[in-house]
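Asker: What follows is the residue order along each chain.
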Amino acid sequence: AQSVTQLGSHVSVSEGALVLLRCNYSSSVPPYLFWYVQYPNQGLQLLLKYTSAATLVKGINGFEAEFKKSETSFHLTKPSAHMSDAAEYFCAVSDQGFNKFYFGSGTKLNVKP
Amino acid sequence: DTGVSQNPRHKITKRGQNVTFRCDPISEHNRLYWYRQTLGQGPEFLTYFQNEAQLEKSRLLSDRFSAERPKGSFSTLEIQRTEQGDSAMYLCASSLTRTGGNTEAFFGQGTRLTVV
Chain F
4 AQSVTQLGSH
14 VSVSEGALVL
24 LRCNYSSSVP
34 PYLFWYVQYP
44 NQGLQLLLKY
54 TSAATLVKGI
64 NGFEAEFKKS
74 ETSFHLTKPS
84 AHMSDAAEYF
94 CAVSDQGFNK
104 FYFGSGTKLN
114 VKP
Chain U
18 DTGVSQNPRH
28 KITKRGQNVT
38 FRCDPISEHN
48 RLYWYRQTLG
58 QGPEFLTYFQ
68 NEAQLEKSRL
78 LSDRFSAERP
88 KGSFSTLEIQ
98 RTEQGDSAMY
108 LCASSLTRTG
118 GNTEAFFGQG
128 TRLTVV
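Residue numbers (the working numbering), protein chains in the order written: chain F, 4 to 116; chain U, 18 to 133.
For the record, the hints were derived by calculation from the structure and aren't laboratory data.
Any given hint might turn out to be false.
No more than 27 Å apart at the CA atoms, straight line, and that leaves these computed lysine-lysine pairs for DSS-like [claimed, not checked]:
1. F/K52 x F/K111
2. F/K111 x U/K28
3. F/K72 x F/K111
4. U/K74 x F/K52
5. U/K31 x U/K74
6. F/K52 x F/K72
Given these sequences and hints, build the entire structure.
Answerer: Here it is in structure tokens:
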């Protein structure tokens, strides 16, 4: 069985501050992990993915995430927040066959000027 | 190719009516997924296809829901006798599954269903 828990349904940061969005996963098989971003009334856009290569994964728009097996975590970070980063972020896990994806409940990121 | 396309983008229907949504995946993608997203939640898996074969259905997919992918290209999701609880965003995604590696899922912009 696979599942994802995102801690914090809302996170607020100031522009230029560090962004940290938390994701913990549970998986009975080696997982693939993903972060997606969703803007209002839009679909999901892939930010980055972990597929058992390097544990530190760099994505688009300056985001990165680190896979920590011992902590079963895949937290998303960005050194300096921009106003355009305000959106909802979803962590997801799948098995290595991409048979289906399990999503967390999402974290809404607010960026204050 | 411009990505996964879903139509319509919005649908308002009266309770008890039937609705059908269409998804056109990225052209070479052999996997197609349907997800449902309600307000304040992450997407929930409904079903997926490998080419034209429907390989798995979630228990969320009641007998009022049916999905098809007749020629292994586009897919339709039909909801019969809609209920207010069916109001949600219905997301379609596609991916390419092949020996030696798979692509991640690419999502469409979704169809927002409102049942009144």
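Asker: Tell me, which hint numbers fail for this structure?
Answerer: none
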